Amino acid sequence: METITNLSPIILALPFLMFLFLGLCGNKLFKSNPNIAGWIGTAGLSVVAIVSYYIAIQYFWVEGKGADAYQQFVLFNHEWLKMTDNLVISIGFMLDPISAMMLVVISTVSLMVHIYSLGYMHGEEGFQRYYAVLSLFTFAMMGLVVATNIFQMYIFWELVGVSSFLLISFYFIKPSAVAAAKKAFIVTRFADMFFLIGILILSYYTNTFDFLKLTAVSDGHATLVNNTMCGEMFMGLSVTSIAMFLIFLGGAGKSAMFPFHIWLPDAMEGPTPASALIHAATMVVAGVFLVARMFPVYFFEAHDVLTIIGYIGAFTSLFAAIIACTQTDIKRVLAFSTISQIAYMFVALAVSGYTSEHEACLGYTASMWHLFTHAMFKACLFLGAGCIIHAVHSNEMNAMGNLRKFMPIAHITFGISCLAIAGILPFSGFYSKDEILVAAFEHDKVLYACQAFVAGLTAFYMFRLYFRIFWYSENPAHAHHTPHEAPMNMNIPLIVLSVFTCYSFFNLVSNDSYQLFSSKITADRVGFELETNWTIAIASLLVAGVGIAIAWVLYKEKNDKPDMIAGKVKCLYISASHRFYIDEIYLFITRKIIFGGICVAIAWFDRHIIDGFMNLLAWISRELSYDIRDVQSGNLQQYAWGFLVGVLAIAMFAIYY
Amino acid sequence: MIPVEAYLVVSTLLFFIGVYGFLVRKNLIGILMAVELILNAVNINFVVFNRFLYPDHLEGYIYSLFVIVVAAAETAIAISIIINVYRKLKDVRVDSINELKN
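Sequences listed follow chains A and B, in order.
Note that the numbering used here has the first sequence beginning at 1, numbered continuously upward.
Note that the numbering used here has the second sequence beginning at 1001, numbered continuously upward.
Keep in mind that the hints were calculated from the coordinates and are not lab data.
Please note that the accuracy of each hint is not assured.
Computed footprint of chain A on chain B; a stretch qualifies when at least three of its residues, placed anywhere within it, have a C-beta under 8 Å from a C-beta of chain A [to be verified]:
#	region
1	1011-1025
2	1086-1099
Not close to chain B: a few residues of chain A, all C-beta gaps over 10 Å, as computed [unchecked claim]:
#	residue
3	Phe406
4	Val446
5	Ser575
6	Asp583
7	Leu636
8	Gln637
9	Trp641
10	Ile655
Predicted model only: the values in this text are computed from it and were never measured.
Built from N, CA and C at the ideal position, the CB exists for glycine as well.
Work out the full structure, taking the sequences as your base and the hints as a guide.
Okay, here's the thing in structure tokens:
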């Protein structure tokens, strides 16, 4: 305990110092050899990763287990801003099962991305800046997951938004990158406004920001919230529900849930490793983490909101999966796949119970489990996509085809990750996705049907991607430039991440491995014995198999079937490939209705009424000043006139009055 | 015997002629002369009031002497300033002397 308390500040301090060092001195010190900046960043992150692993292992296997449940440790908590005696914003470090798991996820993916970027970003303008911002992001994300109070989380929440903005706009000479960065920042910021309002409502009633106090449960209630907010109504809705829904909207913005999903596909303008780290593995699951963190409050005090979250999640996952089937830019396919998979995690949370008895909180465990496995295989997919883009110099599927001959390592790791995301036994994705489906099945059959269908779609579009890149017919454009295997420092992260995806092979032979998540990460932190529901497992395997089979038929070799099918459902195909025109709707609402309609009236009011009133005041004082400025001319004789008239007037007054 | 009012009418006329000159003359020397007129109108008043109201006292006469002395000193200083201004600016009109620098 002593050791992990002493080590914990390193996790926040080291990435921050790296950011300051590389950001302030990187360009000057490493002008001739920018790679040193990359090595320093990677070395620093290795230390952070080792410390994170040490803390997580110590927590899960040595220190954390209390009498029956895992304890929540606050390793340190410094008072930062004191608003009232009770309402204090602190910066601290909280260790509980989900934050310990997130430490592992973030440090692993971040370290892999650091190593990978040494090769991928080699020779890029602004290499030092890239590593500085990666460190900033790691710092912010670590601060977010270990936050002891919701306001600290909000601060780091915005910091990850800033680092996301900086990385999307890394190629800031490209107008599309600048537009994408602005879009991402504005959309998530817009959602964060609701988050802030939610925090303020919650803290207004409960008079605290502290997670430990907010999520304390007794007698089937989140005690504090129940005591202070129960029965408070606003416009016919319970204030608790409003606050929790607003907080969820913040999470929906960061996690790209419908209708805030529009920024994520565009965010792929950033460098691919940054997309892997931020827009696939870690930052975009912050919304899931937020709901998981506040889960007792959602479950006991705002269950209606949790139901809404479930349906928003189900809709988003279906919606994004359909779009992913029609995209041709490989990074965009992965982006929509990410949206769809994060939506899975929300659905899992929504169908979860609280206690560990009778596997009631299976959904919660499955959500966190899927978060973990998804981070690993999606990062691997993105990094693999980066290798492919590096080799063929294009994001478009049409420029690829038959790459398995040229890039065996990328091919194998990409294939493993595709099998995992499709949910094929015994890859990690199978287990986590299967538990989500079981939880959904037990809770809500509609959600189950939807998610099972999405599982099939996922298998289809991922294998469409896989066959299209690695099989299919060779692109004639390759003739003059043979694609080649990426350098070793890009392949090692792929291999490491695939190993994480394949760890679940142990699940077949070892029950301890199978119970890894269910015994440690549960809503009430007690742990339960997980049993496989083979009916649903076989059903989902069949669905995934069908998806893969369809992809195999359509995309293994060049043929006209895909075009034929697209022609049959032309309307659906075209609208899906245009992402159901959601961007256009946004543009219509912002440009035509807000900028073109409402803002014109507001601008008129501002220019004519508000500015007009101020101009009137200015005009009056100017005219008055012109009129009276002759009084002070500096002309002595004129003053004498005034003096004389004054004296005469006083004399008259004295004499005749 | 000349009545006191006659003296006062003269001094009043003299005073207002001086005031008028002070206000409208542009030439510095003219203004200086106008100021002399004002001072002399005051001197007449001192002397007249002393002569008619308190013939046994001398304060009015003495004061008028003081005024003459001070006016002489003032005139000397003013003339020297005017000469210097003229040397610098080649002009003695008040409205052309509007700069402290130079």
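Hints versus structure:
Requiring three or more residues with a Cβ within less than 8 Å of a Cβ of chain A, the coverage given for the region 1011-1025 of chain B holds, as 4 such residues are present. Evaluation of the coverage hint for the region 1086-1099 of chain B: fulfilled, as 3 residues show C-beta separations to chain A shorter than 8 Å, against a requirement of three. Listed as outside the interface, Phe406 (chain A) is consistent with that label: its C-beta sits roughly 85 Å from the nearest C-beta of chain B, beyond the 10 Å cut-off. Against the 10 Å criterion, Val446 (chain A) stays outside the reach of chain B, whose nearest CB is about 91 Å from its own CB.
No Cβ of chain B comes within 10 Å of the Cβ of Ser575 (chain A); the nearest lies about 79 Å off, and the non-interface call holds. Once the 10 Å rule is applied to beta carbons, Asp583 (chain A) is consistent with being away from chain B; the minimum gap is 68 Å. The beta carbon of Leu636 (chain A) is not kept farther than 10 Å from every beta carbon of chain B, the shortest such distance being approximately 7 Å. The beta carbon of Gln637 (chain A) is not kept farther than 10 Å from every beta carbon of chain B, the shortest such distance being approximately 6 Å.
For Trp641 (chain A), the non-interface assignment is contradicted: its Cβ lies about 6 Å from the closest Cβ of chain B, within the 10 Å cut-off. Its beta-carbon lying about 15 Å from the closest one in chain B, Ile655 (chain A) satisfies the requirement of being farther than 10 Å from that chain.
Checked against the numbered hints above, the structure breaks hints 7, 8 and 9 and satisfies the rest.
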